[in-house]
Amino acid sequence: MDGMFSQLSVLGSSLVLIFGLILLWRRGVTAYIAAFRWQSIVLALVTAIVAYFAADHELYWVAGALLLLKGVVIPGLLKRMERRFPAERELDPYVNTATSLVVAGLLVLFGYAITRPLVALSQLPTRAGMPLAMGLVLVSLFVVISRKKALTQVVGFLMLENGLALLAILGTYGIPLIVELGVFLDVLMGFLVMQIFIYQIHETFESIDVEQLNHLRH
Amino acid sequence: MGTFAVLLGPPLLAALLAGVVNPYRRFVGWANGLLSLLSVAAAVTLWRHVVAGQVLTSGSREFLRADALSTLLTLCVSVVAALAAWLGPGMGDDDGYDGAQARRFRIFGNLFAVTMLFAVTSNNLGFMWIAIEATTITSAMLIPLHVTKASVEASWKYILIGSIGIALAFGGTVLGYFDFVNLVGRHDEALNWTTLMASAPHLHPQVIQLAFIFILIGYGTKAGLAPMHTWLPDAHSEAPAALSAMMSGVLLAVALYAVIRWKIVVDAAIGTEFTNHLLIGMGLLSLIVAGFSLVIQRNYKRMLAYSSVEHTGLMCVGLALGPLGTFASMLHLLNHTVAKSMMFFLAGRVLHRYRTTEIAAVSGLLATMPWTGGLFAVGMLAVMGLPPFGLFMSEFALFRAGFVAGRPWLMGLVLALLTVAFVSIIGHLNRMLYGASAGGVPVGERPAWPLLPLGVCLTTLVVLGITLPTPLQTLLDRIVEVIGQ
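For the protein sequence lines, the chains are A and B, in the order given.
Residue numbering for the first sequence follows our numbering, starting at 1 and increasing by one per position.
Residue numbering for the second sequence follows our numbering, starting at 1 and increasing by one per position.
Just chain A, with the same shape it has in the complex:
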């Protein structure tokens, strides 16, 4: 039973990480949104799997909320933004695709290195997935730094949050429910404010390329 639980959770975590890597080699925002949607669905699935094997009914609510918020609502809002700016593609990132993939590989390795004490300490069957979650956190951070479109940066930020949510699920079977609800609320509000700002950037700069945001120096 534990063996199957362990394998399923690692499989799920790997999928979550792979959807994160799509940001590094695809150029179109459509692909990013799809990757984020599927990543969130798999994350909700992993949460449901943990809920089932750990017999923790609260976690089904968390899985449901994840699915609704990050699998449906936020991708829907992202889609609407994409339709407003159809010409915005990530054509010329600060770091090219080949280098990005190498860096991502190194970051995942680094994720393994820093989570070693965690994996050694934990007794949970899900512990083997934690390095992958940490890998996703680091890769998402790299995406935000190395990409130029505001929309890509937002997707990178959302994936970073997914990585942290995965880390919490795998390492502790989820933080206390009431705190989790507050976190969801913050994610939603934060996303909505970012959306307002992207529209503002588009109105004032007539593009969402953050390379133009370079007036404030020193």
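If you're looking for bench data, these hints aren't it; they were derived computationally from the structure.
Small disclaimer: the values here were computed from a predicted structure and weren't measured.
Just so you know, even glycine gets a beta-carbon here, dropped at the ideal spot from N, CA and C.
Incorrect hints may have been included.
Computed beta-carbon distance windows for the label pairs [what the hints assert, rightly or not]:
#1 B:Ile-296 to A:Asp-56: 52 to 58 Å
#2 B:Thr-419 to A:Ala-120: 46 to 52 Å
#3 B:Ile-296 to A:Val-102: 58 to 64 Å
#4 A:Asp-56 to B:Pro-469: 49 to 55 Å
#5 B:Trp-371 to A:Ala-113: 45 to 51 Å
Go by the hints and put chain B onto chain A.
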């Protein structure tokens, strides 16, 4: 219960009122101003309890809790929020903001104050995180109150970098929770600071170290520590004056508070050496970056912002210097809050008159606005740490702590960096104060009444520079006990 309700309720009520009354009416501002005084009174009540040796708590499982450390922060936040309520948009006729902007300020400014007050009184470190994340959202809404290219750019950098920093702090919180869960099992109160402290000595050293690194980078981003400070000068210089005052005066302190809360847990687990090294490293880097950025500064609001980076760095160094250093650092936090919020309000007056933030374009300030210019000059001297102002006393105490702790080289370096900042600020200040009045700028102080509360700020700084009142001394002593436990 009652005290906490009076602390958190009024700003919430004021935000609600501003939301309901549409379009904006002047009485909303007045109500906001009066309500903000209730919060200050509640904070003073907490202070009296702390001096009497009590720790007030409220709700089931000590949901809210105000020990000495929380109390100092509630005092700072509520006072600056009150200043912002009285001096913010929507109180005068010609303050450069229309009704819609004033309404937006009243809604989000008050929500910003509530989230900060909740962050420093929440016993649960998870809720503290939620509240600090919410401060990013509420304050970001106010930066582009005037939509310009610069303010849009600043708000984007702020929300993106701030959110990512805060997300990393969430990672640190999860890692801390992970460590706890492995020790005693899952448990709804596990994120309560008091619960964590009870089992802190048995936490796993490597895991809690990793957690603290995430916490320090995460909340350090919000506290404006280098190298994650890049959003700060943009946001603080583009935001409306009242928001800059709140961000620079207390938001940085609230983020530093979050770091301190975790530092206490980590110190109880593995001793102070690990956190002290990290704090000194980050503090020094902030002092270096701020010192040299001040040299090349051409914008007076950015000058004030970099000065905040400098002072936050100084507080970090102080926290790493044992009980004496902690005492000095917390006194410095209070002094900096008073001085910097006053300076940003004054800078707002200068900006409103001269319509520019360029140092070179502001000349003859003393001739144009004698009182504002005078206060600005004296306040700047206070910020630089000259006697007879409070910041001199706290910096002096900090250096003394450093020498007692046997770190003369570190103190020498800090002193050299403070000198760099000092020399460059003096140069900038000279350029602004003297010279011919810029053409087309009307002379005189109108409206003059906002100068009164700002004068009170300056008086406070002078008092703190001459003496340390007993209640304050007791409060700081108790904070040292909390941090050193």
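A quick look at each hint next to the structure:
1. B:Ile-296 to A:Asp-56: 52 to 58 Å: Cβ of Ile-296 of chain B to Cβ of Asp-56 of chain A: about 56 Å, so the range 52 to 58 Å holds.
2. B:Thr-419 to A:Ala-120: 46 to 52 Å: At 48 Å between Cβs, range holds.
3. B:Ile-296 to A:Val-102: 58 to 64 Å: Violated: the Cβ-Cβ distance is about 36 Å, outside 58 to 64 Å.
4. A:Asp-56 to B:Pro-469: 49 to 55 Å: holds (53 Å)
5. B:Trp-371 to A:Ala-113: 45 to 51 Å: Since Trp-371 of chain B and Ala-113 of chain A have Cβ atoms about 59 Å apart, the given range 45 to 51 Å is violated.
When the structure is compared with the earlier hints, violations turn up for hints 3, 5 and for no others.
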